[in-house]
Amino acid sequence: MVQQNASKESGGFILFFLIGLVGALAVGWLLFPALLYSEKQQPIAFNHKAHVENAGMACEDCHSYRENGSFAGLPTTEQCAECHMDVTGGETPGEKEIDRFVTEYVQAGKQVDWLVYQYQPDNVYFSHIAHDGFACAECHPDVGNSEVPPSLYRNRITGYSKNTMKMWQCERCHAQLETSNGCQVCHK
Amino acid sequence: MGRRAFIGLVVGGTAGTLLTPIPWKLTDDASIWSQNWPWIPRVPNGDFELKPSLSKLDNSGVGVNVVTVKGRPCAVYGNPEHPLSRGGISSLAVNEAELLYSPSRVQSPLKREGDSLIPISWDDAKALLAEKLKAAGSDVACVSGDDTGSGTDVFSAFVAAAGSKLCFYMPAEQVDAGRAWQRLGGQGMVGYDIENADMVLAIGADIFESWGTHVRNAQAFNKANPMGGEQAMRVVYASPIKNRGAAVADAWVPVLPGSEAALALGIAYHLIQGGATSGGPGFEAFRSAVRSGYSPEKVQQATGLTPEQVADLAKRLASAKRPLVIAGSSFGQGGGQNAVAAGLALNLLLGRLNKAGGIYALPEAPAVVQGSMPRRQILANDFVDYMLKVGAEQTKAPAVLLAYEANPAYALPQTELMAQALDKVGFLVSFSSFMDETAAMADLVLPTPLVMERTEDMYTPYGSGWVNYTVATPVIAPVFDAVPAADVLLQVASGLGHNLGFESFEDVVKAKAEALNAMGGFAAGAKAEPWKVRVGGGAPSSSGVSDAVQAGKAWVSMATVNASGLSLAKAAAGQAAAPAGGEFPLVLAPLFELNVGSSKVAIPPHNVSTIRDTEAANGHFFVRMNSATASKYGTGQGKQVTIASKTGSIKARVSIDEGVMDGVVAAPLGFGHTAWDKFAQNKGDNVSKVLTVASEPGVAAPFWAGSMVKIA
Numbered sequence: 001m002v003q004q005n006a007s008k009e010s011g012g013f014i015l016f017f018l019i020g021l022v023g024a025l026a027v028g029w030l031l032f033p034a035l036l037y038s039e040k041q042q043p044i045a046f047n048h049k050a051h052v053e054n055a056g057m058a059c060e061d062c063h064s065y066r067e068n069g070s071f072a073g074l075p076t077t078e079q080c081a082e083c084h085m086d087v088t089g090g091e092t093p094g095e096k097e098i099d100r101f102v103t104e105y106v107q108a109g110k111q112v113d114w115l116v117y118q119y120q121p122d123n124v125y126f127s128h129i130a131h132d133g134f135a136c137a138e139c140h141p142d143v144g145n146s147e148v149p150p151s152l153y154r155n156r157i158t159g160y161s162k163n164t165m166k167m168w169q170c171e172r173c174h175a176q177l178e179t180s181n182g183c184q185v186c187h188k
Numbered sequence: 001m002g003r004r005a006f007i008g009l010v011v012g013g014t015a016g017t018l019l020t021p022i023p024w025k026l027t028d029d030a031s032i033w034s035q036n037w038p039w040i041p042r043v044p045n046g047d048f049e050l051k052p053s054l055s056k057l058d059n060s061g062v063g064v065n066v067v068t069v070k071g072r073p074c075a076v077y078g079n080p081e082h083p084l085s086r087g088g089i090s091s092l093a094v095n096e097a098e099l100l101y102s103p104s105r106v107q108s109p110l111k112r113e114g115d116s117l118i119p120i121s122w123d124d125a126k127a128l129l130a131e132k133l134k135a136a137g138s139d140v141a142c143v144s145g146d147d148t149g150s151g152t153d154v155f156s157a158f159v160a161a162a163g164s165k166l167c168f169y170m171p172a173e174q175v176d177a178g179r180a181w182q183r184l185g186g187q188g189m190v191g192y193d194i195e196n197a198d199m200v201l202a203i204g205a206d207i208f209e210s211w212g213t214h215v216r217n218a219q220a221f222n223k224a225n226p227m228g229g230e231q232a233m234r235v236v237y238a239s240p241i242k243n244r245g246a247a248v249a250d251a252w253v254p255v256l257p258g259s260e261a262a263l264a265l266g267i268a269y270h271l272i273q274g275g276a277t278s279g280g281p282g283f284e285a286f287r288s289a290v291r292s293g294y295s296p297e298k299v300q301q302a303t304g305l306t307p308e309q310v311a312d313l314a315k316r317l318a319s320a321k322r323p324l325v326i327a328g329s330s331f332g333q334g335g336g337q338n339a340v341a342a343g344l345a346l347n348l349l350l351g352r353l354n355k356a357g358g359i360y361a362l363p364e365a366p367a368v369v370q371g372s373m374p375r376r377q378i379l380a381n382d383f384v385d386y387m388l389k390v391g392a393e394q395t396k397a398p399a400v401l402l403a404y405e406a407n408p409a410y411a412l413p414q415t416e417l418m419a420q421a422l423d424k425v426g427f428l429v430s431f432s433s434f435m436d437e438t439a440a441m442a443d444l445v446l447p448t449p450l451v452m453e454r455t456e457d458m459y460t461p462y463g464s465g466w467v468n469y470t471v472a473t474p475v476i477a478p479v480f481d482a483v484p485a486a487d488v489l490l491q492v493a494s495g496l497g498h499n500l501g502f503e504s505f506e507d508v509v510k511a512k513a514e515a516l517n518a519m520g521g522f523a524a525g526a527k528a529e530p531w532k533v534r535v536g537g538g539a540p541s542s543s544g545v546s547d548a549v550q551a552g553k554a555w556v557s558m559a560t561v562n563a564s565g566l567s568l569a570k571a572a573a574g575q576a577a578a579p580a581g582g583e584f585p586l587v588l589a590p591l592f593e594l595n596v597g598s599s600k601v602a603i604p605p606h607n608v609s610t611i612r613d614t615e616a617a618n619g620h621f622f623v624r625m626n627s628a629t630a631s632k633y634g635t636g637q638g639k640q641v642t643i644a645s646k647t648g649s650i651k652a653r654v655s656i657d658e659g660v661m662d663g664v665v666a667a668p669l670g671f672g673h674t675a676w677d678k679f680a681q682n683k684g685d686n687v688s689k690v691l692t693v694a695s696e697p698g699v700a701a702p703f704w705a706g707s708m709v710k711i712a
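As given, the protein sequences belong to chains H and C, one line each in that order. Be aware that the first sequence starts at 1, since it is given in our numbering, and climbs by one per residue. Be aware that the second sequence starts at 1, since it is given in our numbering, and climbs by one per residue.
One or more hints might be untrue.
Calculated pairs, DMTMM-like style, for lysine to aspartate or glutamate (alpha carbon to alpha carbon, straight line, at most 25 Å) [to be verified]: (1) K70/C / E178/H; (2) K223/C / E529/C; (3) K126/C / E529/C; (4) K70/C / E104/H.
These are computed hints drawn from the structure, not numbers from a lab.
So that you can see chain H by itself, here it is in the shape it has in the complex:
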């Protein structure tokens, strides 16, 4: 009798252990990421593909370097307005989005609060021009081929994008390329 009870209790332990294990794994791998990140959309559904394929533009036409070699990042409303200064009056989703940009930003004189997928903190000195030999998509999401910009997943605790490169990633690449990993290289 005693042996039978022990066997039953042992089976109950294992069952609930497995339930707890699987449940925790499901929460940790499926539910937790969904809860940790908020999903954000760009204020304007910018069509990169149309600009690259239809207008024949290159990445650096909008994402350019300044004279001193620093990276200008995103274009200003004024730069966009060099082409999109007037509403199109069109009916396609793309034309409607252009018209929304023109009325809400160009005509209102406002800058677009573009979401940056890989914004680095101020204590990181990242020089784009020093990494000019790499293709953009080696580090960034391949937005150049997207018709609708991807969602940005923002960490609710840190405020950083899910795509923001972590220090170990920088260090790994530097190590693989035999580039210095000295603190002062990135933290001035």
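Place chain C on chain H using the hints.
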């Protein structure tokens, strides 16, 4: 659920959780979150622009380039095109951008009510100032901490229009030098052509830290000593402590503070014995005074140097092709006139007047503000002497004292006595950007914008070898509710019926630029370098002053004034004498290190990390002495001491430094602030408290180099 089942669930859940990102990701994110407080300022992202400006936080007179992003100043660099910078900047001036947002900025006009200062409007502040000035009549005085800007002209003109002669400069190296130059019969101002010298003997004057155009001096030395290249300039530095300047000089000569004149005249003795003569007036009297008062034996007693060491310095000077002697106080003030006069005498003996690499007589700035006092007249007034008499009630305190960018409550010698004298002032007005010690005790505080926020000018700072004029225009609107002091005074003057000829300071600057055109000059730059033009190199096309300064450039002129009146007759006053000793056996050597601040600016927040643990730590600061001196007076490394003089005492800890002369206590200035902010407060003590004012031999003017102290 049974107990075992529950435990199984918990253990399984825990094990499962450990195999998910939850604990690891949350730990990582929490650490990142803890570095991202919302109040941490973010660097704005945008185009970088360089806007020319000027720094007046110290005496170097550097033109700077302000880096702005979206209009906001983010950093300050030396302007490579500016001849007093050549891309260099001092450890104080580099803080200009950050100081815009300093917690000690005065944010609005303040009026005293009892023990407090309460914010008031500018209209009320001007009305109160006008009321007090009207009631004071001619019983008004002003003290200025700026001797290169036209703002002081407005103040002196206002005081003169009120019927007073009491306009003063704060004590500074250039004030003593101006008086010494005049005493020798010099017209205008003395200029030092450092770039073209092949040997510089700096006696006391810390030419790389505190003396004159120190950034330009350091750049001249740097360019003349290229790495691996031929050395075109040698520097010999005589000072009581092996400090930063001594560390880079070719040779260091230990000399007691206050005995700089004795050393210079001791060198003159050897030069004269070797046949040197000035050929100018007063030489016979000078030779006689040097031979009787500055014999090698007397000079040894006064300086601690053997006759052979002094003779060697004379030999080095005599054998150089283009020697230059620069003498002054080792801490930028209080050195009196004798040291500067003796240094000038050496230059005259060496035939260095109006010679490349020598000294030049430069014209003073033209007067444009109606009724402003000439520099010569202001130099004749001594603020320390005046305040001592006010403190002793030998002179009545003024009904109104206007302090313009000056902090006398902190920076005057015998500080505590001087603060008591300031207390006797009827109505103290502080025109200041910062809540300094003087503002804290003032009856009315009127915030002035920093140079980056206003129009400001600078005419030929002391030490420059050529006339120069730089104008700064606002890079940014005032961050706080500040108005340029000269504009405030011009408005108040107008209301009181004093006609100073201008309605705004901007017009004063324009008029000065116009007036300077008569000197004929050029816009300085990389292809128009004044020191090369001085020796006939290059021929820059002449440029109107307005055009040059509007382009953010320094305007430079090679104009000189007649120096035929220079005489050596009064260049050797008094006699070389050993330090007095007695109850106070140690000589105090104050240290002026710019990163700790100046008489105008306390330790900038960003410079706190530059102060070493051997300089200040845990609220106290360190005085330095060598181990023999420490042992003689029963103290040692890290021990707490009280340094006392006739007039006050300070508390410090001892740091043993074998680079300090025997019988000398070296003590850094710039600590012991009671006002300002948490970055400057509760750090050590104010060395000015133990500086003791004496009467300078042969001059009878205040002098406090070589103050004597004891370890109590």
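Structure-based check of each hint:
no.: 1; hint: K70/C / E178/H; verdict: 37 Å, violated
no.: 2; hint: K223/C / E529/C; verdict: 13 Å, holds
no.: 3; hint: K126/C / E529/C; verdict: 44 Å, violated
no.: 4; hint: K70/C / E104/H; verdict: 22 Å, holds
The earlier numbered hints that this structure contradicts are 1 and 3.
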